[in-house]
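Following the hints, position chain B against chain A.
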Amino acid sequence: MGPRQKTRTRQSPVRTVAEIISVIVILALAVISFIPPFHGEAKTELDHGALTYQGQMAENKFAGQGKLKLRDQDYYVGQFKAGRFDGHGRFISHAGWSFQGDFKRGTPSGNGELKLQGKTLYKGLVKDGKLVDAN
Amino acid sequence: MRIKWFSLVRVTGLALVLLYHFFQTKFTGGFIGVDVFFAFSGFLITALMVDEFGRSGDFKLLAFYRRRFYRIVPPLFLAVLLVIPLTFLVGHDFVTNIGRQIAAALGFTTNYFEIATGGSYENKFIPHLFVHTWSLAVEMHFYILWGLVAFSGAKLIKRLTKKAERALPRFRAFLGILAFLLASGSFAAMYIGAAGLTDFSRVYFSSVTHSFPFFVGSLLGVLSGIKYPLPLFKSIMAHGNKYVASAMMYLSFVGLVSLGYWLKFDQLLTYRGGLLVATLLAGLMIYSARILHDKTPNTAEPRWITFLADVSYSVYLFHWPLYVIFSHLMKNWQAALLTTVLSILLSALSYYILEPVIAGKPAHVFSHTLNWRQLQAPIIVVGLALVGVTGYVVKDAPQLSSLEQNLWISGIYQDVDKVAATHDMALAATTKPQAAAVKGQPAPAQRPAPTDLPKGVSIIGDSVTLGTRRYLGEHVADSAIDAEGDRTMDLAYKVMMEQQKNNLLRQYVVICIGTNALDDYAEQTMKLVNDLAPGHKLILMTPYNAQAGADWNSTRLGDLERTLPDKYKFITIADWGKIAAQHPEVFEGTDGVHFGGIEAGDILYAKVVNQALAAAKHTPAK
Numbered sequence: 000m001g002p003r004q005k006t007r008t009r010q011s012p013v014r015t016v017a018e019i020i021s022v023i024v025i026l027a028l029a030v031i032s033f034i035p036p037f038h039g040e041a042k043t044e045l046d047h048g049a050l051t052y053q054g055q056m057a058e059n060k061f062a063g064q065g066k067l068k069l070r071d072q073d074y075y076v077g078q079f080k081a082g083r084f085d086g087h088g089r090f091i092s093h094a095g096w097s098f099q100g101d102f103k104r105g106t107p108s109g110n111g112e113l114k115l116q117g118k119t120l121y122k123g124l125v126k127d128g129k130l131v132d133a134n
Numbered sequence: 000m001r002i003k004w005f006s007l008v009r010v011t012g013l014a015l016v017l018l019y020h021f022f023q024t025k026f027t028g029g030f031i032g033v034d035v036f037f038a039f040s041g042f043l044i045t046a047l048m049v050d051e052f053g054r055s056g057d058f059k060l061l062a063f064y065r066r067r068f069y070r071i072v073p074p075l076f077l078a079v080l081l082v083i084p085l086t087f088l089v090g091h092d093f094v095t096n097i098g099r100q101i102a103a104a105l106g107f108t109t110n111y112f113e114i115a116t117g118g119s120y121e122n123k124f125i126p127h128l129f130v131h132t133w134s135l136a137v138e139m140h141f142y143i144l145w146g147l148v149a150f151s152g153a154k155l156i157k158r159l160t161k162k163a164e165r166a167l168p169r170f171r172a173f174l175g176i177l178a179f180l181l182a183s184g185s186f187a188a189m190y191i192g193a194a195g196l197t198d199f200s201r202v203y204f205s206s207v208t209h210s211f212p213f214f215v216g217s218l219l220g221v222l223s224g225i226k227y228p229l230p231l232f233k234s235i236m237a238h239g240n241k242y243v244a245s246a247m248m249y250l251s252f253v254g255l256v257s258l259g260y261w262l263k264f265d266q267l268l269t270y271r272g273g274l275l276v277a278t279l280l281a282g283l284m285i286y287s288a289r290i291l292h293d294k295t296p297n298t299a300e301p302r303w304i305t306f307l308a309d310v311s312y313s314v315y316l317f318h319w320p321l322y323v324i325f326s327h328l329m330k331n332w333q334a335a336l337l338t339t340v341l342s343i344l345l346s347a348l349s350y351y352i353l354e355p356v357i358a359g360k361p362a363h364v365f366s367h368t369l370n371w372r373q374l375q376a377p378i379i380v381v382g383l384a385l386v387g388v389t390g391y392v393v394k395d396a397p398q399l400s401s402l403e404q405n406l407w408i409s410g411i412y413q414d415v416d417k418v419a420a421t422h423d424m425a426l427a428a429t430t431k432p433q434a435a436a437v438k439g440q441p442a443p444a445q446r447p448a449p450t451d452l453p454k455g456v457s458i459i460g461d462s463v464t465l466g467t468r469r470y471l472g473e474h475v476a477d478s479a480i481d482a483e484g485d486r487t488m489d490l491a492y493k494v495m496m497e498q499q500k501n502n503l504l505r506q507y508v509v510i511c512i513g514t515n516a517l518d519d520y521a522e523q524t525m526k527l528v529n530d531l532a533p534g535h536k537l538i539l540m541t542p543y544n545a546q547a548g549a550d551w552n553s554t555r556l557g558d559l560e561r562t563l564p565d566k567y568k569f570i571t572i573a574d575w576g577k578i579a580a581q582h583p584e585v586f587e588g589t590d591g592v593h594f595g596g597i598e599a600g601d602i603l604y605a606k607v608v609n610q611a612l613a614a615a616k617h618t619p620a621k
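Protein sequences, first through last, are from chains A and B. Just so we're aligned: 0 in numbering that gives the first Met the number 0 is position 1 of the first sequence, and the numbers increase by one with no gaps anywhere. Just so we're aligned: 53 in numbering that gives the first Met the number 0 is position 54 of the second sequence, and the numbers increase by one with no gaps anywhere.
Rather than coming from a laboratory, the hints here were simulated on the basis of the structure. C-beta: ideal position from N, C-alpha, C; glycine also. All the given hints hold, so there is nothing to weed out.
Per the computed footprint, the stretches of chain B lying under chain A, defined by three or more beta-carbons under 8 Å from a beta-carbon of chain A, are: (1) 65-75; (2) 100-107; (3) 399-410; (4) 414-422.
Isolated chain A, as found in the complex:
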């Protein structure tokens, strides 16, 4: 190919094919780079199996509705965002208490109800994890 190139008027078909393939590869890679990471229902484990999760995932983290179980059988079922409790959810402790209400970036915030052995301890507004109303 080399020395003949100097006098060529048309390039070799091999080179043309190689150029076309390169362009196709580049376009394919461009498309691949835009495909979002896995999004959908999944079952997964974290922290060497101490946390088990079943539910919606996006960008490799919990996102949307799901259920997260801890090793001590405590569990959270509800909304997640970027892997953290966010939105409406319910936390059930093995010790017999539960919280149902709203979370913002991992902290109870919004309306919430705390129960112990089925009896309501508190129902009302919660802000940054703190009780705003007292019954």
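Coordinates of chain B only, in the frame set by chain A:
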């Protein structure tokens, strides 16, 4: 025709970018080097378009695309393939999601990939290896568009112009008007889009908002041309002399370097004029070089400058991933030096041998001539081996970095602790109703007497604390930890004040903040020291970052904190910044800030906190 002094423009652009990356805290505005490259490319491409039309009365689109393809694509593929094996030298976290990064780099979409992912917190600590290819994406998008513009303009003008001598001025006017409109539109989009942003990635990386330097360059290219200068430009050239041209070049160079010192990436002014001024200075430098070329027919360009200009594109491609890797293995100056030398060597190999041979041309190396036939076997074998290694690295790469995963898991446990704390409060409220605030009435005591402070330790921390939160909680007696990524001193202040207001802040307050120190770190720290209620003892944990120089805000914050106990007796220092530096093994394979996941780090961190708490026992309370 090679315009002699253009090499200086290229070398200036490269030097600005390298200095910016190597010394980001000092040369904060060096990113304008990319705008110098952009303006120069716009100028050169458009001047050559004008020349081609002047010579042949036509513009061949496919040939234009092919030339751009051979100039840009092979060096890029080579750089990616040669860099990947070096990632074995650093931690696995550096290749997190590397497949998508490579796809974006080779698919010329890095700029949009970065807009989508670059803002994430973890990327501050583990930079993307191919983030710098964002500029190639914008460049490629410009070439595709501008080639189409020139092609349709040439066709249109050929059809509509009967007199041949009128065609070139019309082609020029067509390109000039469009370049002006596109430059104005792109700059206006950046100007407007930058309003209200704190993270400017969106306007910085987008091809729409950051293509104006190309079009400004194009406009200059239309106005001057190379072989066919406009009459106005001819008369400027006729009246100019080499001293004036050199002085202009020098002044524009000084202007660019000054901007490199003054501008900052996260400043609105950068997007509302800074980049434009840099582009115009680059334009002035290009014009002066063009004049100087004509005025110095008997002076040869120094060969080393020609050499650096030749390899500048590949050096740009290699320097960033090499620097990211080396800066985690050695001191900054060593990393900068090794990066520069190795980038230049690899770029010379790429530019003088591999690129011509791949393009089907002979390569001249010293007195030897090499061609594809001679080199095809080694190129194919090494190429395939590198593709194999890259495939392996991509397949083996984690989706989330261990840093991100570790912070995420710690965050989940913190969420659980927070629900439990809310439950504890409700339980306490039922057994002691007076402890809870009653709606509509102020709490009985806004601030408890010092003796009423909750016993124990409140730890307020950032991502470093979050990463070791569980171990710390188990090993610091009677502690409550509130840690979050990207927490600066002002945010820690808010957390502390909120806890204080709600009588949740315990007697010992440990502040582990500073990895993300902003410019107002001193003011924010003093606010926290002053507003802490009487009765508390304050422990300040100095930040540590293996890469931080003495002029980094995080280092300065540590220095400030160490001076405080003399003045404020209730303050004790937990000198993480000093002790961590003595234990590099704790940071092996990490970003040099977060040791989360390394047990020795957990132990050391808790030890530093506990020692400071023990020392604080003997200090007076505030």
